[in-house]
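*Asks:* Using the hints provided, position chain B relative to the given structure of chain A.
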Amino acid sequence: MALKVLVGCKRVIDYAVKIRIKPDKLGVVTEGVKHSMNPFDEIAVEEAIRIKERKLANEIIVVTCGPTQATETIRTALAMGADRGIHVEIPLDQMDTFQPIHVSKVLAKLAEQEKVDIVMLGKLAIDDDSNQTAQMTASLLNWPQGVFASKIDKTDAGLEIIREVDGGLETIRTTLPAVLSADLRLNEPRYATLPNIMKAKKKKVVKMTPADLGVDMAPRIQIVSVEDPPVREAGQTVADVDDLVAKL
Amino acid sequence: MRGLPQLLSRAKRVRVGFSASEPVLAIQAGILQPDKFTQTFVQLRGLQSSNVISQAPLAAVADTDSGKQLRQELEAIVGPGNVSSGESVVLQHGQDEGPHQGKSPDIVVFPSSTEEVSEICKICTKHNIPIIPYGTGTGLEGGISAVDGGVCVNVSKNMNKILQIHQEDFSAVVQPGISREMLNQEVRADGLWFPVDPGADASVCGMCATGASGTNAVRYGTMKENCLNLEVVLADGRIIHTAGIGSRPKKSSAGYNLTSLFLGSEGTLGIITSATVCLHAIPESVAAAVVGFPTVQNAVDTVVMTLQCSVPMARMELLDEVQMKACNEYSGLSYPETPHLFLEFHGSESEVESQTETVRDIAADNDGGEFQWAVQQEDRTKLWTARHRAYYADIALRPGCRSLTTDVCVPVSALPDLVTATKADIAEHGLIGPMVGHVGDGNFHTMLLFDPADPEEFRKCKEVANKMARSAIALGGTCTGEHGVGQGKMVLLEEQFGKDGIDVMRQIKGALDPQQLMNPGKVFSRN
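Protein chains in written order, with this note's numbering: chain A, 1 to 248; chain B, 1001 to 1527.
Since the hints were derived computationally from the structure, they do not count as laboratory data. Treat the numbers as computed from the prediction; the structure is a model and nothing was measured. Do not take every clue at face value.
[Claimed, not checked] With a cut-off of at most 30 Å between alpha-carbon atoms, the simulated DSSO-like pairs for lysine-lysine come out as follows:
1. K154(A) to K1224(B)
2. K52(A) to K4(A)
3. K1126(B) to K52(A)
[To be verified] Estimated spans, in silico, between C-beta atoms of each pair:
4. A1396(B) to V226(A): 39 to 49 Å
5. E1075(B) to T68(A): 28 to 38 Å
6. E1181(B) to K247(A): 37 to 47 Å
7. E170(A) to A1396(B): 30 to 40 Å
8. G1400(B) to D240(A): 23 to 33 Å
[To be verified] A few chain B residues facing chain A, derived, Cβ under 8 Å:
9. Q1185
10. Q1308
11. V1311
12. T1381
All C-beta atoms in this analysis are idealised placements derived from N, C-alpha and C, irrespective of residue type, glycine included.
The shape of chain A in the complex, shown without the other chains (with noise of 0.2 Å):
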């Protein structure tokens, strides 16, 4: 009965870092930028190990697909307490074009592969506010999605999640398995602990390509261009009702 679960993390830019935008205005640039765990993503990974605090899981696999520097992101969710960890490595120059239909593939693949039966996600990633991963890989994988959680209860025939809709909240039921997508109530992740630092340097990390899962990286979307948003003009004051007509 014990559940296994794959918790899918990226590294992304840190939200507190001011973006700028390349030259090329194609992209935003990353070179020696601060990165770190998409916040979702922690709020995901925080979800997947109360499940296994509460005992209804038994392993905790987390993935991750990005570059070399990506390994980080699986440290961190290691030392939250994940079991062990799977970095598909992407080249950084091909990163760009690197999409969630993609990501979506691999995981479904990685799902089959390892027989999970939950494949717990971010909601959306920081950089890009696709919100797509989650939908697609419940699409490939034909499982019933519960995205936006931010209540998730296990019952006798699955699970009942709580979701976060424009309207309220709205209370669902799913059949096993299962992919949900985190909310940020769903919970307030954990630090990692220097202990836990420690032990997480000895678990298993496995590296592979997309290729190795059979999937293929040639782009569905071209960025056409990056801009920034318009300049804020500077305000003016009016001395009175009349000029502020006149100016208008």
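*Replies:* Quick look at chain B alone, frame taken from chain A:
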């Protein structure tokens, strides 16, 4: 430029406190190169006079030209975009988060390096203009108010790097623009944290300047215990390292303890341009607990016994019944309106469990009520909501009011008496004054609410605050536990230290800042 006449008249004013002033004047006008004897002479003289001046450079020029000259000289150092005398800018830089009305500086500069700060100080020394260091402006005692106008040196805007993080040595070197939350964000991935938590997201260097403390002090210490070295720019532009250049050992017996001298000096001895601070390991397990008591005495007895049992408490906060009422109303909680202790335990899972058991028993022995506790992050946050939102809950008791937040610290055994006496005083003056205390240190705050449009009410609050501080001093405590002296507590400081104590402080100030330019009007009055 607003305030410029005041600025210039200060520079032109010739205040000679002693005879034989020619060498002093000549040296400061850059005419005479001081030999070793004259240097010592000047410094010794500086000790006795608080009003050494410079005169020649500005006296000959007309008013507005002088102001332009100063601005030009500052722009030459930091660049034209980093000098401002705009109304909203100077207004912001003279007002902190306390209840006192701050005075705006004449001009604000935003240096980008320690060398620029040094050059700015040299210019101000040359023209005899006050220097006010500025971090995040989150102080509560009017420490950044430019009482004599002058140049406000905002060291946090452009100097905002973490210079070094030493994970294995548990230390970090930061510039003034790094706040404690920024530092924590940076080091938490390494399993480390910076535990001094004064509430506001203050600049770490600013926290060194005020000797800040917070809710974790009972276990992790205050800023004083967590600072290894400071890089300081003196009024004359000299740059020193208080524990040695690049030094960051955990202990040292080398030379005078300059780090301690500058820590808590509130910008009156120099500008802190970088701080080497201690980091700690993030605890493996954290538990939070809340328990109510019939009286403050019961709560304090619990605290004393807990400390006597050597329970390594991480946080011990006392909220009185007025505060609990405010929290109930503001956050929609339903705690009984009696004094409560808010507790936090750090350690391994087993340690935290046994600590919690011990304290639960002690609380029960002291007539403690229901002992609520939590381990999960969100549950702990919820449990501590009352404490986290205390200040806002207080302000909500009387919408539109502001708070005079007092800050005294006494030996823990004296706390119940002081709290009882203060409550009686507050009632007598017809004020509202909820209390929050870092009870493990004997440090507590009352938020005395006043209507900003009612000077009489403010006067009453000041009276209660001063009486409390005097009682604290009489009980073997101090007139300020964490917030600093600023302007509001200068008289109390003299009462606490006596004439000779204050005179020693004045002598040190005179030696390091003979022209009395560094943040004038703070900590102690001029002669």
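*Asks:* For every hint, state whether the structure bears it out.
*Replies:* The hints, checked one at a time:
1. Annotation: proposed proximity of K154(A) to K1224(B) is violated, straight-line Cα distance about 50 Å (limit 30 Å).
2. The straight-line distance between the Cα atoms of K52(A) and K4(A) is roughly 9 Å, inside the 30 Å bound, and the hint therefore holds.
3. The hinted pair formed by K1126(B) and K52(A) fails the criterion: a straight-line CA distance of about 68 Å is larger than 30 Å.
4. Separated by about 45 Å at the C-beta atoms, A1396(B) and V226(A) satisfy the suggested range of 39 to 49 Å.
5. At roughly 46 Å, the beta carbons of E1075(B) and T68(A) sit outside the given window of 28 to 38 Å.
6. Checked against the given bound of 37 to 47 Å, the beta carbons of E1181(B) and K247(A), roughly 41 Å apart, stay inside it.
7. In this structure the hint that E170(A) and A1396(B) lie 30 to 40 Å apart at CB holds, the actual value being about 34 Å.
8. A hinted range of 23 to 33 Å for the beta carbons of G1400(B) and D240(A) is consistent with their spacing of about 29 Å.
9. A hinted interface residue such as Q1185(B) counts as satisfied when its beta carbon comes closer than 8 Å to some beta carbon of chain A; here the least separation is about 7 Å, so the hint holds.
10. The interface hint given for Q1308(B) is violated, since its Cβ lies 29 Å from the closest Cβ of chain A, which is over the 8 Å cut-off.
11. Of the supplied interface hints, the one on V1311(B) is violated, with its beta-carbon coming no nearer than about 21 Å to a beta-carbon of chain A, more than 8 Å.
12. With its C-beta approaching chain A no nearer than about 7 Å, T1381(B) sits inside the 8 Å limit, and its interface hint holds.
The structure shown violates the earlier hints numbered 1, 3, 5, 10 and 11.
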